[in-house]
Amino acid sequence: MTSQSSPAIELRGVRKVFRTPSGASHTAVRDLDLTVQRGDFVAVVGPTGCGKSTTLTLVSGLEEPTEGEVMLSGTPVRGIDSKVGFVFQQDATFPWRTVLSNVMAGPRFRGVAKAEAKDRAREWLARVGLSAFEDRYPHQLSGGQRKRVALASTFVNDPAILLMDEPFSALDVQTRALMSDELMELWAGTGASVVFVTHDLEESIALADKVVVMTAGPATVKEVFEIDLPRPRRVESVRLEPRFVEIYREIWSSLGEEVRITRERGAQNVA
Amino acid sequence: MSPDIRSASSPAAVGRPARSEERARAARRRRGVVLLSRGVLLVLVLGVWEWFSRAKIIDPFNFSMPSRIWDQIQQWTLHGTPQGSLGEQIWYTLYEALLGWVAGVIAGVVLGIALGRVRFLADVMGPYIKVLNALPRIVLAPIFLIWFGLGPASKVASAVVLVFFPVFFNAFQGAREVDRHLIDNARILGARDRQVTFQVVIPAATSWIFTSLHVSFGFALIGAIVGEYIGATKGIGLLVSASQGTFNSAGVYAAMVILAVVALLAEGLLTFLENRLFRWKPAAPEAR
Numbered sequence: 001m002t003s004q005s006s007p008a009i010e011l012r013g014v015r016k017v018f019r020t021p022s023g024a025s026h027t028a029v030r031d032l033d034l035t036v037q038r039g040d041f042v043a044v045v046g047p048t049g050c051g052k053s054t055t056l057t058l059v060s061g062l063e064e065p066t067e068g069e070v071m072l073s074g075t076p077v078r079g080i081d082s083k084v085g086f087v088f089q090q091d092a093t094f095p096w097r098t099v100l101s102n103v104m105a106g107p108r109f110r111g112v113a114k115a116e117a118k119d120r121a122r123e124w125l126a127r128v129g130l131s132a133f134e135d136r137y138p139h140q141l142s143g144g145q146r147k148r149v150a151l152a153s154t155f156v157n158d159p160a161i162l163l164m165d166e167p168f169s170a171l172d173v174q175t176r177a178l179m180s181d182e183l184m185e186l187w188a189g190t191g192a193s194v195v196f197v198t199h200d201l202e203e204s205i206a207l208a209d210k211v212v213v214m215t216a217g218p219a220t221v222k223e224v225f226e227i228d229l230p231r232p233r234r235v236e237s238v239r240l241e242p243r244f245v246e247i248y249r250e251i252w253s254s255l256g257e258e259v260r261i262t263r264e265r266g267a268q269n270v271a
Numbered sequence: 001m002s003p004d005i006r007s008a009s010s011p012a013a014v015g016r017p018a019r020s021e022e023r024a025r026a027a028r029r030r031r032g033v034v035l036l037s038r039g040v041l042l043v044l045v046l047g048v049w050e051w052f053s054r055a056k057i058i059d060p061f062n063f064s065m066p067s068r069i070w071d072q073i074q075q076w077t078l079h080g081t082p083q084g085s086l087g088e089q090i091w092y093t094l095y096e097a098l099l100g101w102v103a104g105v106i107a108g109v110v111l112g113i114a115l116g117r118v119r120f121l122a123d124v125m126g127p128y129i130k131v132l133n134a135l136p137r138i139v140l141a142p143i144f145l146i147w148f149g150l151g152p153a154s155k156v157a158s159a160v161v162l163v164f165f166p167v168f169f170n171a172f173q174g175a176r177e178v179d180r181h182l183i184d185n186a187r188i189l190g191a192r193d194r195q196v197t198f199q200v201v202i203p204a205a206t207s208w209i210f211t212s213l214h215v216s217f218g219f220a221l222i223g224a225i226v227g228e229y230i231g232a233t234k235g236i237g238l239l240v241s242a243s244q245g246t247f248n249s250a251g252v253y254a255a256m257v258i259l260a261v262v263a264l265l266a267e268g269l270l271t272f273l274e275n276r277l278f279r280w281k282p283a284a285p286e287a288r
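Listed in order, the protein sequences are those of chains X and L. Using the working numbering, the first residue of the first sequence is number 1, and each one after it goes up by one. Using the working numbering, the first residue of the second sequence is number 1, and each one after it goes up by one.
Derived from the structure by calculation, the hints contain no laboratory data. Incorrect hints may have been included.
[What the hints assert, rightly or not] Quick list of in silico lysine-lysine cross-link-like pairs, DSS-like style, CA-CA up to 30 angstroms: (1) LYS114/X <-> LYS281/L; (2) LYS210/X <-> LYS222/X; (3) LYS83/X <-> LYS118/X; (4) LYS281/L <-> LYS118/X; (5) LYS114/X <-> LYS222/X; (6) LYS83/X <-> LYS114/X.
[Claimed, not checked] Anything over 10 angstroms on all C-beta distances counts as not near chain X; from chain L, calculated: (7) VAL110; (8) PHE165; (9) THR206.
[Unchecked claim] Chain X residues, not near chain L, derived (Cβ > 10 angstroms throughout): (10) SER25; (11) ALA126; (12) ALA160; (13) MET179; (14) GLU185; (15) ILE247.
Note that beta-carbon positions come from the ideal geometry of N, C-alpha and C, so glycine has one too.
Start from the sequences and build out the full structure, keeping to the hints where you can.
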């Protein structure tokens, strides 16, 4: 089944309907076709609440599609795949575990011996610059440091597919730029395929090889843009380049319309 | 004890020394005033009670007075109670309460977590547990006396039924309210259902469970005491009922005082354990 040529992630005609507590049904995504090649960094942008996060939960296997098929390396997703890593928007570090123990959690869950798990965790903590903090508890860290713990505990599992759901949206602007650079460095060594959901167009252009624009909810893919900015990039400087601005304008003309539709709908609901 | 006694690691310590010194002194002074006021309040209440009783404003036979209660405690301590030595009575009550508490807590936590995690179990058992909870459980004590006799077993049983429900409901709630992202994250990281239960749900529910442990130890004591009061051969509850039977109001109060001390000591021990266990939690914000 698994052929080397099949793309890392493939969504075919995917539709996801949620039941709301009141019993009504809510369509989060519809007719969704999306392909992510191996080693690609794909950013998904779209208006708020359009169903970007749903796409990630479908790829991760946390949720099943109502219709259609999600494939990882040509194999349909049934439950959570061990190849997948997921960095959440919210803080998902275990508050009762120390930093080291948090990073060890993944390997330990997967049955790696304690000593080896500890070595691997220490290695990743060193890469995210938190070696000195391994005995701290998450509440003793800053928001940026906690995000680094989350990155380390995801990367330590060596995921071939990395899903990120607005991972840096809770951070302040400077920390966010710094974390984006660090993410690119960490990612560069792994060859993982990344799907990075964000509502920040600048962030998506600075990070990604491809930017996928989604429509107002129920979401589907509107357009895909190739980002031909050379790597390695640094977030703070790349966004000043003329090519960046050009791309930004091009994508915004597509995304802005969807944002406007979402806004108008919101205004109607209020009225 | 109260939060204002906790050592205040003041951020002012990095500021200018004179000012931080002054702040520390003010904090000490405030603590002193609080302690002193507490003492004054206690002396005042006891003093008024004693005075009213001696002046026959209240009936000393019914209401007794602090000095007599003190005499009673002393007499029990030094010469033993009519039912045997005081230590033995305290030991019996504590033993029954502790046994009932441990059994009730274990049953409550296990069932609470199980029902919190397994939807099917919760749907099946839910209504029955609600019905049982609606029952005033203290009325079960006479039944237990009939079933298990005058010995400790009947008191343990009534302590268990009192302890079980608050612990169960808290554990259940705790297991249900675990942050969904923590569970999702654990599953993505590779945790199986069992690992999610033991390494995510249970640690996350511990603060819920511990809240109920404080309350429920009090319930365990109530269960033991009421059981003893209804019929026993040993225990503080028996002291109360024996004192009541001989119209010895000082005896009833004395037993109450002893009970309060025992309960406070147990509470202190629990708080100590809790603080050890919850080092991962951010410190409670200082009371102002």
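Going down the list of hints, with the structure as the test:
no.: 1; hint: LYS114/X <-> LYS281/L; verdict: 25 angstroms, holds
no.: 2; hint: LYS210/X <-> LYS222/X; verdict: 13 angstroms, holds
no.: 3; hint: LYS83/X <-> LYS118/X; verdict: 20 angstroms, holds
no.: 4; hint: LYS281/L <-> LYS118/X; verdict: 23 angstroms, holds
no.: 5; hint: LYS114/X <-> LYS222/X; verdict: 47 angstroms, violated
no.: 6; hint: LYS83/X <-> LYS114/X; verdict: 21 angstroms, holds
no.: 7; hint: VAL110; verdict: 20 angstroms, holds
no.: 8; hint: PHE165; verdict: 26 angstroms, holds
no.: 9; hint: THR206; verdict: 8 angstroms, violated
no.: 10; hint: SER25; verdict: 21 angstroms, holds
no.: 11; hint: ALA126; verdict: 20 angstroms, holds
no.: 12; hint: ALA160; verdict: 13 angstroms, holds
no.: 13; hint: MET179; verdict: 18 angstroms, holds
no.: 14; hint: GLU185; verdict: 22 angstroms, holds
no.: 15; hint: ILE247; verdict: 32 angstroms, holds
Violated hints for the displayed structure, listed by number in ascending order: 5, 9.
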